[in-house]
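A.B. asks: Going down the list, the protein sequences come from chains R and C.
Read in the UniProt record's numbering, the first sequence has 236 at position 70, and its numbers run on one by one without any break.
Read in the UniProt record's numbering, the second sequence has 346 at position 180, and its numbers run on one by one without any break.
Treat the hints as calculated values from the structure; they're not laboratory data.
Misleading hints may appear alongside valid ones.
To be verified - The following label-pair restraints were derived from C-beta to C-beta distances:
| no. | chain 1 | residue 1 | chain 2 | residue 2 | range |
| --- | --- | --- | --- | --- | --- |
| 1 | C | Ala263 | R | Gly223 | 32 to 40 Å |
| 2 | C | Gly383 | R | Leu182 | 16 to 24 Å |
| 3 | C | Asp290 | R | Asp376 | 33 to 41 Å |
| 4 | R | Ser367 | C | Asp242 | 51 to 59 Å |
| 5 | R | Lys288 | C | Val176 | 39 to 47 Å |
| 6 | R | Ser387 | C | Asp330 | 34 to 42 Å |
| 7 | C | Leu252 | R | Val291 | 19 to 27 Å |
| 8 | R | His236 | C | Gly223 | 30 to 38 Å |
| 9 | C | Ile377 | R | Gly293 | 25 to 33 Å |
| 10 | C | Asp290 | R | Val235 | 25 to 33 Å |
| 11 | C | Ser373 | R | Ala308 | 35 to 43 Å |
| 12 | R | Val291 | C | Asp242 | 39 to 47 Å |
By construction, the Cβ of each residue, glycine as well, lies at the ideal position given by its N, Cα and C atoms.
There are 2 protein chains.
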Amino acid sequence: DIVEAALAVVTPKDLLGRRIVVTAGGTREPLDPVRYIGNRSSGKQGLAIAVGAAARGATVTLVGANLEVHAAASDDLHVVHVSTTLELEAAVTAAAAEADVVVMAAAVADYRPESVAPAKIKKDVQGDTLQLTLVKNPDILAGLAGARRDGQVIVGFAAETVDDREQLLALGRAKIARKGADYLVLNRVGWTEGFATESNSIIVVNSAGDIVSEASGTKTSVAARILDLLT
Amino acid sequence: DIVEAALAVVTPKDLLGRRIVVTAGGTREPLDPVRYIGNRSSGKQGLAIAVGAAARGATVTLVGANLEVHAAASDDLHVVHVSTTLELEAAVTAAAAEADVVVMAAAVADYRPESVAPAKIKKDVQGDTLQLTLVKNPDILAGLAGARRDGQVIVGFAAETVDDREQLLALGRAKIARKGADYLVLNRVGWTEGFATESNSIIVVNSAGDIVSEASGTKTSVAARILDLLT
């Protein structure tokens, strides 16, 4: 329509020709056919990055984990749906082989149940308590960074529940050093912040731990600031 | 608009004056501020019952647990949002005190973590495995049935992962006897069935274990068949 056409004219195509993979949403690890361990992530921030990148000329693959919001796929925006962390790892690893940039915005479950019950766990059989053993999932961000192609840019996300900016930065600097990513987007989350909201507030650090960007606002405007780092 | 007005004319007001509480969605039990144990329920079936009941003249309170779909509240449809099983129990118990019918369509977590971590559990601190102890949640359906007002009708739901109709009926008959509800709506669910889909297939048994209704189709048409039992 007219608004879209006008926006298309004014949006600079400064990511033209770049192949960008974006993960979004939160992975779910099944306990049985009806229960799972999930992450509180609507996928809105990752989706805004994917849509924003496509609007700026990039060819985008969006790997979406249980998205609560949906992207309209187009020639410039391919969508791959996944649910578990292992499925997300397989999809993003495959897509990364042909990508210039990988943005890991999805909230990935660090642990999954050691075993998945084939039928619904019945509480009358289980008794008053249930012991669950969880095992560690692969570290997808570190894996992508370790397998990085020449010139490929790897962007990670860290959602931390800390009280202040200095604690957030300290956690972020330790994390990017450990993971080997090029940029890490930090945001503070709590019981009510960051997830499933329309706005966000972030700090981006580079591999040296320096702050290279800060942004607050709608998830669309925050996405634009993150994408500015890739131009 | 015209379609709504026409539908309003042809929909019989056969639930006029009835006060109906409907729970919908799936409860989430937090492990920490970002992780939870969830149930695969979109809330669509419960929502269809709530909307259908209001259209047929009932005054409806919808207790929605993490609904992926949303109802437009109106004079005849009040919406209360909850997340955990304990929150759902408090909301449905309060609403039931003034209700003629309670329909427990929500998928309720049988267990919750014994303790909730105040900050995000860090995998570099935890190591390769994580042991979780879950404790049993209250049995809301049995509680409602036990506290039933004179003439109040209690409708439960049972989503079972069994292979055939006879197994489903046997589980359902044992469950309604145990819970003390008036009707139990049974449906078979699996990795791909029943949840988050647009259609559903159900069998309803009464407190004697007799089949009183069977329906397959859209969640709206299945809702209508369940509501027929209340007229």
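A.B. asks: Please go over all the hints and tell whether each is borne out by the structure.
C.D. replies: Here's how the hints hold up against the structure:
Evaluation of the 32 to 40 Å hint for Ala263(C) and Gly223(R) yields a failure: the beta carbon distance comes to about 59 Å. Range check, Gly383(C) to Leu182(R): about 49 Å between beta-carbon atoms, so the 16 to 24 Å window is missed. Between Asp290(C) and Asp376(R), the C-beta spacing of about 23 Å breaks the proposed range 33 to 41 Å. The beta-carbon spacing between Ser367(R) and Asp242(C), approximately 40 Å, falls outside the hinted interval of 51 to 59 Å.
For the hinted restraint 39 to 47 Å between Lys288(R) and Val176(C), the CB-CB distance of approximately 43 Å keeps it satisfied. Ser387(R) and Asp330(C) have their C-beta atoms about 54 Å apart, which leaves the hinted 34 to 42 Å range violated. For the pair Leu252(C) and Val291(R), the supplied restraint of 19 to 27 Å holds, since their beta-carbon distance comes to about 23 Å. The supplied range of 30 to 38 Å is met by His236(R) and Gly223(C), whose beta-carbon atoms lie about 35 Å from each other.
At about 31 Å, the beta-carbon gap between Ile377(C) and Gly293(R) stays in the expected band of 25 to 33 Å. A beta carbon spacing of about 31 Å between Asp290(C) and Val235(R) agrees with the range 25 to 33 Å that was offered as a hint. The given range of 35 to 43 Å is broken by Ser373(C) and Ala308(R), whose C-beta atoms sit roughly 56 Å from each other. Roughly 41 Å separates the CB atoms of Val291(R) and Asp242(C), a value that falls within the hinted 39 to 47 Å.
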